[in-house]
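Number of protein chains: 2
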Amino acid sequence: MEAELKGMLSDLQNLKSSLSDPSHQASVDHIRLRVENLTSLAMAEPTRRSKVKDMSAEVVDSNPYSRLMALQRMGIVENYESIRGFSVAIVGIGGVGSVAAEMLTRCGIGRLLLYDYDTVELANMNRLFFRPEQVGMTKTDAAVQTLSEINPDVVLESFTLNITTVQGFETFISSLTNKSYSQKKEGTGVDLVLSCVDNYEARMVVNQVNNLLLLLFFFAGVSEDAVSGHIQLLIPGETACFACAPPLVVASGVDERTLKREGVCAASLPTTMGVVAGLLVQNTLKFLLKFGQVSPYLGYNALKDYFPTMTMKPNPQCSNRPCLERQKEYMLIKPARDAVAKAKREEELSAIDIPIHADNEWNISVVDDCDDVINARSSDALPEGLVHELPNADVYKHPTVSNENVDTVDDLEDLKRQLEALNAD
Amino acid sequence: MEAELKGMLSDLQNLKSSLSDPSHQASVDHIRLRVENLTSLAMAEPTRRSKVKDMSAEVVDSNPYSRLMALQRMGIVENYESIRGFSVAIVGIGGVGSVAAEMLTRCGIGRLLLYDYDTVELANMNRLFFRPEQVGMTKTDAAVQTLSEINPDVVLESFTLNITTVQGFETFISSLTNKSYSQKKEGTGVDLVLSCVDNYEARMVVNQVNNLLLLLFFFAGVSEDAVSGHIQLLIPGETACFACAPPLVVASGVDERTLKREGVCAASLPTTMGVVAGLLVQNTLKFLLKFGQVSPYLGYNALKDYFPTMTMKPNPQCSNRPCLERQKEYMLIKPARDAVAKAKREEELSAIDIPIHADNEWNISVVDDCDDVINARSSDALPEGLVHELPNADVYKHPTVSNENVDTVDDLEDLKRQLEALNAD
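Protein sequence lines, in the order shown, are assigned to chains A and B.
At position 411 of the first sequence the residue is numbered 410 (numbering that gives the first Met the number 0), and the sequence of numbers has no breaks.
At position 172 of the second sequence the residue is numbered 171 (numbering that gives the first Met the number 0), and the sequence of numbers has no breaks.
Honestly, I wouldn't trust all of these hints.
Since copy identity is lost for identical chains, a pair holds within one copy or between any two.
[Stated by the list, open to error] Taking lysine to any residue pairs in the SDA-like style, the calculated list, with each CA pair at most 25 Å apart, reads:
hint, residue 1, residue 2
1, Lys-50, Thr-145
2, Lys-327, Ser-55
3, Lys-50, Gly-135
4, Lys-50, Thr-118
5, Lys-50, Ala-239
No lab work stands behind these hints: they were computed from the structure.
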């Protein structure tokens, strides 16, 4: 359209110079004005959100962050705006990855790195995010198009590549270790990787990079029959890696690609994908912004609305060599880490002036095992006239939530720093 | 742009007729060709998905339903295409309602009725669905724009109104009872209503209509601090209505509207809203397409990844008069319904040739209480080389899942038919 308009202007110029009658020349000028007007109409961008310098908590309709900054006033998050300092990588921009990217974009994450090699097809339209007019575009391009319109504040970097190829693998590693955006001196350039790939081979590659770079990963997966899924947090050396406990659904004796190509296609539902993406990003937010408890493993059985949780220890016979190295390193730092945690607990205890019996040689004391600081804060902060809708989970004690999980959460950041320090050596 | 192009054509026509030199006329014709070319470029619709007559299971990239029809091959759903015969009404097109509408649209639901009176604001951008370029449009218009692009097969009807006003209430009722689309002779014109409104007043109106029209409703709600939510199925007379057990978070002694307007705003997260919408539509699909177990109540505590379930019986002292009437009617049909269920169970039992002791006067027999037909089917149907990813929920028996829930699910459709028959009298 731009070329056509430029051509027209030059045609009009030629016509005008060949005309001698001033009234004819005026007619040509009149038409030229119309062309200029058309040009400005055609070039006009659709109404776009302008960039926002600081996240404001002001409650006005024009503030895209008011409902997020309200999390601070409600006492859920201590410093919401810190989200702008984080980089998250999403590998696989399919039914789960694309929705996770949109959620993080709308939450105002600092920087997103997106990896996929596939193109958008009509067959993807039964899941959220991609639109029919994007058919034929690469998933990375289509995602950048949509996400940059939704929130221009987010720095988007996209990589159209297959991480299971040698070249793709190298670019993957170098992009994760590029620290030009990161303000931290230690570790890699990203704070968290979300693995949303749909095949075993790619998962094993992400797992390998995870263990090599000492990066914390969330794995998300949805079953081939579309009615179950799970998310899993992987901390190199401390929790099971993907090779420690391979999933129960894997292709065996078949080329995975034939499963999708040759008339055999996996089922998928926007509901299951949306729930798994929501649980994934919710745990990502809890991890980055330090609120609530991060689930090390959370399953979703859609047929029965059943959500199993568990903790998976690493396998000392794991087939992944870097995993075994990380396990050794973790065993070395564990005593020091446990001592720090113990000292912290004791300090907290002594701060509370609880009278203890003089003859209590084991220092046994009655402690409330559900001292949920976050919940306490949030209910204090509710505006007058409002009370909590759901009962506190402690009221109906969930059998699978152990105190171990609670420890894991508090110490994730500490552990990460220790791991990064080790890596820097 | 269209007007400018038309004006230019007429200007060129006038100029040409005033010129006598054939070479000048040829120049004008050349420019006219450019304008015609531009016109066709400007009028070209963006690539749109064409309507699809039948849902095909063919595995090709151009089939928007292949991944949904695969649910049949996987043994999850018996007749997926029956989804085209259903009408679902969504009241409130906010953070939950809009995502629910998109999920149902992508699933190929037959007809959607959308109700909202609000307009899109930048302050909504922290939740999924609406885009910045839609700011200023009514939520209903913006939703119809997006949804019709995503799936032109879905019949969309939108109502820009406030159901808490007298006129809005009347239009709401008449739209629900309009049976011109429905092929069924009994009941109303819709199969299910999803209440996704964000205030107590509107919920009470939806509840009232629910009880008046004997319609099955799902309520979805998210707390003001954005970290918990729930969905609840309401079957008039059988389960608690909204007035039987009002929620624990309600405005008390404050005008609800001031909560949002005067500098006090509720927090919200795309994650919590997305999870609640996903659970809501998943249970809607299970209900309409008859697979899995429909949850009568499912909560989501995001801080602890805790998902309480429960069944709520109606309150004999409910303040809602139509609810009390429905309770009486239900008590009348319950014995017949229980007898049918019992006969069905006995028939199934006798079909299985279990030897029973001759001296077993109570006919006590050992029965597997988790005879999950659906799970059995689905694992049989998995392609060779694949096994299930998540353990069957029965392996880790969830304490809150009672057998009563299982009964509820099987009989929902039966009950609905009976209720509709009563209503028709």
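Going down the list of hints, with the structure as the test:
1. Lys-50 / Thr-145: both (15 Å within a copy, 24 Å between copies)
2. Lys-327 / Ser-55: neither (46 Å within a copy, 53 Å between copies)
3. Lys-50 / Gly-135: between (29 Å within a copy, 19 Å between copies)
4. Lys-50 / Thr-118: between (29 Å within a copy, 22 Å between copies)
5. Lys-50 / Ala-239: Cα proximity of Lys-50 and Ala-239: none, with 41 Å in one copy and 47 Å across.
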